[in-house]
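Each protein sequence line maps, in turn, to chains A and B.
The opening residue of the first sequence carries number 1 in the UniProt record's numbering; numbering runs sequentially from there.
The opening residue of the second sequence carries number 1 in the UniProt record's numbering; numbering runs sequentially from there.
Keep in mind that a hint or two might mislead.
Examples of chain A residues lying across from chain B (beta carbon under 8 Å, computed) [to be verified]:
1. S830
2. M876
3. L878
Over the 10 Å line for every Cβ pair with chain A, so calculated as not near, a few chain B residues [unchecked claim]:
4. L293
5. Q659
6. M675
For each label pair, taking beta carbons as the anchor points, the in silico distance ranges come out as [claimed, not checked]:
7. A/G737 / B/E381: 24 to 34 Å
8. B/Y465 / A/Y286: 35 to 45 Å
9. A/V469 / B/P318: 24 to 34 Å
10. B/Y465 / A/L166: 19 to 29 Å
Derived from the structure by calculation, the hints contain no laboratory data.
Glycine is no exception: its CB is placed at the ideal position from the N, C-alpha and C atoms.
Protein chains: 2
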Amino acid sequence: MLYVPFEPMKKIHADEGSPLHPKLGPYFRDGHRRVDYILEYSIQKPNSARRHSTIFGNDNFLRRLRRSLSTRNSKAPLQPKEDPEFAAQEHRADYHEDDKSNKRKEFEENLQEAGLELEWDEENHVPGVGFLKIHAPWDILCREAELMKLKMPTKKTYEIKQGSNLVEKIRLFIHKATAPLHPKVESNQQPGLKHLSHPFSREKEHLFDLSNKDKFFDSKTRSSIVHEVLKRTKCERDHYSMGITSLLANSIYMAAYPPHDGDINGMDRNDRRLLYEEWASYSVFYKYQPVGLIRKYFGEKVGLYFAWLGVYTQMLIPASIVGVIVFLYGCATVDSNIPSMEICDPRNDIIMCPLCDRACSYWKLVTACGTARASHLFDNEATVFFSIFMALWAVLFMEHWKRRQMRLNYTWDLTGFGEEEEEDHKDHNRAEYEIRVMEKTMRQDQSAPKEEKVKLTCIDRMPAYMTVVAMMAFMITLSFTMAFGVILYRISIKAALHMASAAGQSNIRATVKGTAAVINVVIIIILDEIYAKVARWLTILEVPKTDKSFDNRLIFKTFILKFVNAFTPIVYLAFFRGRLVGRPGKYLYVVGSYRMEECAHAGCLMELCIQLCITMLGKQFIQNNLFEIGIPKLKKMLQKRKMDPQEEEKQNKILPRHQKDHLLLPFAGLNPEYMEMIIQFGMVTLFVASFPLAPLFALLNNIIEIRLDAKKFVKELRRPVAAKAKNIGIWYNLLRGLSKVAVIVNAFVIAFTSDFIPRLVYQYTYSPDGTLHGFVNHTLSVFNVRDFEPNTQPIYPNHLGYNVETCRYKDYREPPWSSTPYELSKEFWSILAVRLAFVIVFQNVVMLMSDFVDWLIPDIPKDITLQIHKEKIHMMELFMKEEQGKRRAARDSRGLYNCNSPTSDGQSPPQPRSRPNTHARVGW
Amino acid sequence: MLYVPFEPMKKIHADEGSPLHPKLGPYFRDGHRRVDYILEYSIQKPNSARRHSTIFGNDNFLRRLRRSLSTRNSKAPLQPKEDPEFAAQEHRADYHEDDKSNKRKEFEENLQEAGLELEWDEENHVPGVGFLKIHAPWDILCREAELMKLKMPTKKTYEIKQGSNLVEKIRLFIHKATAPLHPKVESNQQPGLKHLSHPFSREKEHLFDLSNKDKFFDSKTRSSIVHEVLKRTKCERDHYSMGITSLLANSIYMAAYPPHDGDINGMDRNDRRLLYEEWASYSVFYKYQPVGLIRKYFGEKVGLYFAWLGVYTQMLIPASIVGVIVFLYGCATVDSNIPSMEICDPRNDIIMCPLCDRACSYWKLVTACGTARASHLFDNEATVFFSIFMALWAVLFMEHWKRRQMRLNYTWDLTGFGEEEEEDHKDHNRAEYEIRVMEKTMRQDQSAPKEEKVKLTCIDRMPAYMTVVAMMAFMITLSFTMAFGVILYRISIKAALHMASAAGQSNIRATVKGTAAVINVVIIIILDEIYAKVARWLTILEVPKTDKSFDNRLIFKTFILKFVNAFTPIVYLAFFRGRLVGRPGKYLYVVGSYRMEECAHAGCLMELCIQLCITMLGKQFIQNNLFEIGIPKLKKMLQKRKMDPQEEEKQNKILPRHQKDHLLLPFAGLNPEYMEMIIQFGMVTLFVASFPLAPLFALLNNIIEIRLDAKKFVKELRRPVAAKAKNIGIWYNLLRGLSKVAVIVNAFVIAFTSDFIPRLVYQYTYSPDGTLHGFVNHTLSVFNVRDFEPNTQPIYPNHLGYNVETCRYKDYREPPWSSTPYELSKEFWSILAVRLAFVIVFQNVVMLMSDFVDWLIPDIPKDITLQIHKEKIHMMELFMKEEQGKRRAARDSRGLYNCNSPTSDGQSPPQPRSRPNTHARVGW
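Using the sequences and the accompanying hints, generate a full structural model.
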């Protein structure tokens with residue numbers, strides 16, 4: 001623990017030591033001091049750096065700042081995405097290197113003043129990039145841990161009681177039975193024992209086990225401590241106080257990240273390698289995730305994401321089983337389903353009205369037999385049960401997650417850690433915001449200098465807001481237009497088909513449906529990528545003040561756009577298609593002479609189902625496999641072609657840690673991962689009434705997704721700074737909102753898209769024998785062919801071989817012989833009333849049940865409540881004993897009680913003699 | 001600060017000092033040490049106490065415990081309600097005094113061991129009661145404050161910035177304009193400055209302003225500290241560890257409470273007197289409440305209740321204004337309302353069908369003119385607007401409260417205080433539970449001794465649960481029966497009326513309605529009182545483990561019972577009355593020959609309104625004025641007759657504080673107060689569509705209620721132990737739940753109880769000229785008198801003077817000449833569909849709007865977020881400077897950096913010389 005004096009000019013060069021240093025881990029050249037953080041900066045040959053030497057004015061400085069920002073794709077504040085080399089080259093031309101290095105110098109001086117130890121590495125295998133390695137010595141770690149109120153395990157352990165005897169036995173049995181599913185990650189703690197935690201404090205040092213000081217703070221904690229110091233340190237040059245965020249935004253530093261612990265395939269056993277073997281591998285797909293280890297290595301926020309993904313995937317298992325059963329039930333009952341039997345029975349010689357004007361002719365209902373049978377698979381009583389089940393499943397999932405989260409909070413010692421503190425971490429102003437404020441200050445300085453602190457007001461942001469609103473509206477319209485385009489494609493192709501011969505119609509019709517769905521998916525995926533970019537751009541335009549605000553605005557925009565994009569065609573199919581078609585002789589037309597699409601005879605549910613299926617499969621296949629697996633593989637192959645594999649191997653061996661990390665991609669936040677999952681959750685819950693296999697598809701996707709994300713985190717990304725989090729934040733609210741909307745959407749799908757309600761009403765009101773016999777006839781209204789408007793009659797009225805006088809169409813309307821022909825009939829209104837009543841009942845009953853389940857299941861598991869309580873009592877006992885020890889010691893030594901009277905300023909440490917006694921009494 | 005040695009036998013008698021001691025405040029006899037807590041116990045003459053001297057066995061001991069519990073009405077755990085003298089007398093006969101006083105002795109020894117100072121007062125003006133006065137000396141206060149992590153103001157202040165300049169100016173202007181509304185309570189803090197708070201720690205003593213140690217901890221904090229010590233202290237006699245809860249439950253102590261600060265009309269200026277003058281007085285009804293002072297005196301929990309009540313009352317002002325406007329709109333438009341004009345027009349000679357069999361005859365619609373006009377007052381378009389308004393009002397109220405709560409949390413330094421800690425205060429086991437566990441242990445000891453800790457399982461509680469379910473079911477049925485009884489009363493009186501002459505019918509009908517409503521109210525109030533008692537009894541039966549669980553179970557039961565009780569008649573009127581009446585010639589009958597009640601012609605809304613009005617007024621008038629003001633007044637008058645007023649005056653002067661407090665009633669918790677308000681909130685929101693004046697009534701009631709409750713707290717109750725709370729807990733959830741239910745209920749009231757939807761449908765679909773002309777005719781179906789069943793025709797068919805062939809009735813049914821006579825018509829179904837659609841749209845739109853408002857308004861006011869953030873930065877700065885000071889000092893003195901290296905165990909205090917510098921640097 002040496003104090004490294006400030007020597008910015010006399011930088012020690014990396015190559016001074018042996019290039020094949022045995023310690024290639026993240027250490028200083030002395031091989032002892034651990035590298036806790038790495039800052040990258042660009043270096044130049046001195047001759048080229050000295051080209052310009054004029055000092056730029058303030059305006060110029062700002063212009064440069066802004067330019068550097070605009071060329072920068074600022075995904076994560078601390079880790080700019082673009083290639084540092086590229087950016088460095090770009091800026092080299094016009095940027096004043098001296099200014100940069102002066103700023104760096106000042107900043108580094110300040111870091112050393114704050115107690116951090118630094119080491120520079122400029123001559124290395126990465127041309128043009130210098131590395132600043134930062135090490136936090138023990139006293140700094142202690143001080144910061146105290147300031148950050150980090151909870152650390154004390155020496156005192158206590159037993160975790162796991163409920164009553166029977167429960168405990170069952171738990172143990174389950175644990176043993178599922179042993180092969182647990183990852184082989186040995187934890188430091190003995191089972192059933194937990195260390196009592198206490199916020200670290202140098203005054204209470206005796207509580208903690210400081211025997212191995214190198215291990216007391218793990219690498220994650222060390223780097224987050226350094227991160228904290230970095231955030232606080234300012235560089236006061238040019239009258240503008242610049243923090244690390246501004247320095248990074250300004251390309252004074254290129255990147256900042258903590259180093260990985262070691263190689264995934266090296267000799268030494270490290271956490272990263274363990275994670276790679278036991279977690280980030282497809283071969284362990286059936287195992288639980290080592291969430292504790294993930295948290296230990298990546299921090300709570302990443303740990304929570306993977307824990308959440310795990311819980312979600314786990315919860316999808318029962319949902320997919322029930323979904324498959326529901327589907328199988330549909331398959332099994334398809335032959336005993338009376339309506340489809342009636343449709344398929346050739347004896348019921350029902351003549352249907354033409355589906356379009358002139359070109360189409362009358363047709364027989366029996367030709368719709370196939371779709372009727374297929375649509376029973378997804379439109380039966382089991383579907384209603386399944387959508388209620390899924391609504392409750394969503395609530396159970398949420399509850400289960402809340403409990404799991406609480407359990408993790410307890411295990412990870414976050415129970416005392418307040419929400420406010422969490423938020424605080426993100427409350428630092430963004431660099432872009434600071435620059436805008438600077439600009440404004442300058443403008444105001446020129447006009448009228450004010451004392452007040454300058455802020456960006458609504459007026460400043462108005463142009464940005466206007467752009468945002470306009471762009472959002474434009475993009476939503478774009479989605480609608482795209483969906484409408486696909487509809488037009490379908491309609492026009494169909495119209496063309498009707499014109500052509502009737503032969504092979506059904507084949508071609510299936511082709512049209514299929515291609516339309518595929519086109520839809522492709523459009524969705526392309527727009528998704530565009531929307532993600534546009535949302536980010538719009539959010540940057542708004543110049544949000546803090547990272548938190550940035551995240552929230554970005555998530556909000558992305559969510560709306562992606563949702564509209566993914567669900568517009570589905571919503572159209574579910575609720576609009578086939579609603580506004582008019583009636584024979586009075587069809588509705590759009591865009592000139594195109595008729596609105598009608599559903600197949602048995603309802604739109606079937607088509608909705610196909611669309612959902614193709615969207616889910618397509619999105620998952622293309623986005624995951626192609627984008628996330630395929631493209632990186634391709635890139636690697638291209639890279640490999642350039643580089644000799646042996647060369648690479650050698651490189652790998654001699655490169656020190658920080659240079660290896662430099663080659664990895666920067667960490668871009670968890671938001672895209674969450675967003676993908678939320679959209680999937682929407683697919684699984686929103687239209688589950690029409691597609692019971694959705695959970696199964698989601699499950700299969702997620703099993704891959706977990707390992708894919710794991711690989712990305714372990715292998716391909718730089719290590720993220722460990723962020724603390726008690727919960728998954730805004731995502732939980734989005735999930736909750738979605739599951740509420742899902743109840744309403746499912747209610748409408750069952751009531752309006754499926755034929756469930758008409759069947760029910762027929763069976764209990766109109767049916768003569770209480771069965772569905774005659775239902776098909778009941779749903780068909782009668783049309784007299786003489787009532788066709790001129791020029792809408794079929795050209796070939798004798799297509800069926802005989803003259804048709806009346807035809808049938810699917811609607812509830814008065815017959816031609818009533819006093820009000822073709823008006824909506826009483827049946828229509830009564831069935832509509834029942835449908836609406838069903839929606840009200842379904843929505844409120846399911847919501848009530850959800851609230852009841854929510855209320856029934858305590859958010860905090862009972863054993864955790866007990867443990868937390870126990871922990872507090874233990875803590876209290878510990879301190880009471882200590883207090884008594886102090887009191888006794890004080891009484892012995894002074895014979896007085898006022899241990900803290902004003903005269904005895906500060907607390908005198910207990911006599912060295914009495915201390916062991918205290919410990920003994922405390923019970924260690 | 002003297003140490004009082006343990007002298008239980010040599011008790012100092014109160015009368016040793018002068019009886020007219022100048023310090024009648026809560027002080028020890030020395031006049032210096034403050035009494036922070038009072039324990040009461042019963043004393044006896046030694047001769048009577050020595051009567052029984054056998055040592056009772058365990059079983060006996062338990063029997064006594066149980067008896068003492070069952071006779072005890074345990075409202076608040078620490079403050080048994082019943083008169084101590086009475087209880088003392090009852091127990092004296094069979095209770096072993098020696099045992100009691102031994103337990104007391106041990107407990108008091110333990111208290112002294114914990115550092116508290118005690119003083120006994122046995123010879124006083126209250127016969128049979130001994131007082132144990134407890135004083136916490138400075139070192140104990142410090143120790144406990146540190147353990148409890150109490151946030152105390154430090155010496156450092158900072159400026160509170162109140163938003164931008166304009167906002168600040170507006171705020172100041174409003175503040176000035178409302179100056180007369182602010183209570184005259186000077187706060188210690190300068191305006192615009194706030195002390196930085198920090199958890200008290202003896203090691204950080206230099207941060208706090210300890211110049212006046214007597215004032216540093218205020219009386220509320222002192223007593224809660226003593227309360228904390230009391231809770232922790234156990235008495236280990238009889239092998240059963242008994243805490244203060246058990247000791248109180250066991251009548252070893254009679255009561256435990258902190259003393260009041262002083263008299264409300266004494267010479268000295270104290271907080272209690274200030275509260276009495278500026279808060280607990282009807283003359284200041286128009287002023288804001290001094291919430292800060294309430295919190296300072298009674299603690300956060302009580303403070304939050306009154307703050308909440310204040311916000312609620314304040315929010316009722318706009319609601320009542322809008323309500324009055326809506327009502328006035330109804331009054332103003334009554335003459336231009338087409339349907340009532342049509343009804344009242346004698347030219348529309350509409351003959352209505354008889355309303356009952358045989359006895360009634362045909363009648364003319366024009367006779368219903370009065371009710372039709374009256375019902376327009378509450379059934380017009382403005383009502384729909386008003387119920388949407390009130391739904392949003394409820395959300396705004398909730399949001400406003402959340403923000404206010406956050407602001408109070410900030411002002412009261414509760415922001416860091418976690419939820420878990422709050423809960424912890426209530427996690428102590430209840431005495432009743434402990435006793436039951438003891439019993440169970442003993443039974444198990446006799447059969448098979450086990451190592452495990454004994455718990456009460458579901459099986460133990462099964463009989464209690466069965467009783468609870470049965471009793472709850474019984475009481476809910478009772479409420480239904482009562483409501484049904486009132487209905488039968490109305491029906492039978494009406495039937496009797498029809499038999500009698502038609503003259504004066506309308507008068508008598510009004511009388512029936514009025515008396516029925518009054519009977520209803522009386523029943524509701526009586527049942528309310530009974531239900532409160534039963535709910536308590538049932539909860540005691542269940543033996544909940546903790547006070548928190550007890551409270552929750554009690555609140556849950558009371559809420560359900562009171563709600564069912566208050567709303568059964570209203571729900572009946574709104575949704576069931578007049579629905580199931582059948583049609584002329586085919587009426588429905590209940591209980592033999594009683595017909596179901598029909599509504600008056602213009603709908604049931606009018607009657608619903610009367611019922612609501614009478615219930616609200618009656619409940620508030622009788623419960624508040626009679627029970628809460630009248631009865632205590634009466635009691636006082638009776639007491640006064642016994643006692644000479646001069647005697648009382650004299651008594652008042654010589655009695656020391658603790659004996660005065662003894663005469664007050666114990667504090668029974670806030671739950672009844674909250675419950676009353678929640679029921680009122682239900683009245684205001686649930687059926688607001690039918691009674692727009694409800695908010696006004698509630699407002700008037702609450703203005704009285706606030707001062708009434710204030711008087712109770714200040715004058716009539718013993719001081720409660722200050723409880724910390726960040727929020728109003730379960731009550732917030734109940735409010736939220738109610739406001740959600742209100743949306744649905746109002747949707748149904750508008751759709752089904754009012755004629756809003758039929759009018760709308762008529763106007764836009766059936767009306768020939770787009771107005772409501774002809775609406776009345778449209779709502780009436782035609783009945784052919786020949787279709788009367790035998791024996792149901794009117795006896796006097798020529799009552800109107802001529803023969804009637806067809807009559808009309810209010811329903812949508814097919815006319816007699818249709819193919820399906822008297823079936824429900826198409827109009828019925830279409831209007832039903834529209835009604836249901838309205839419910840869906842209303843519910844979802846209002847819920848969406850509520851969620852949107854909820855999302856739009858941040859829960860934490862922006863300035864508070866900034867302040868909290870700023871406070872943290874100030875804190876951090878403070879400590880960083882201190883750290884730098886330390887570092888520098890350490891460097892100076894040692895020339896080394898490792899201030900906390902393992903060799904230097906413990907932290908050496910900074911050099912005395914360097915400390916003032918540190919302070920100066922920190923910026924004091």
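Hints, one by one, checked against the model:
1. S830: 5 Å, holds
2. M876: It holds, given that the least Cβ distance between A/M876 and chain B is near 7 Å, below 8 Å.
3. L878: 11 Å, violated
4. L293: 27 Å, holds
5. Q659: 30 Å, holds
6. M675: 19 Å, holds
7. A/G737 / B/E381: 24 to 34 Å: Check passed, 32 Å falls within 24 to 34 Å.
8. B/Y465 / A/Y286: 35 to 45 Å: Holds, at about 42 Å.
9. A/V469 / B/P318: 24 to 34 Å: This hint holds: roughly 31 Å between Cβ atoms.
10. B/Y465 / A/L166: 19 to 29 Å: Taking Cβ atoms as reference, B/Y465 and A/L166 lie about 20 Å apart, which means the hint holds.
Checked against the numbered hints given earlier, the structure breaks only hint 3 and satisfies all the rest.
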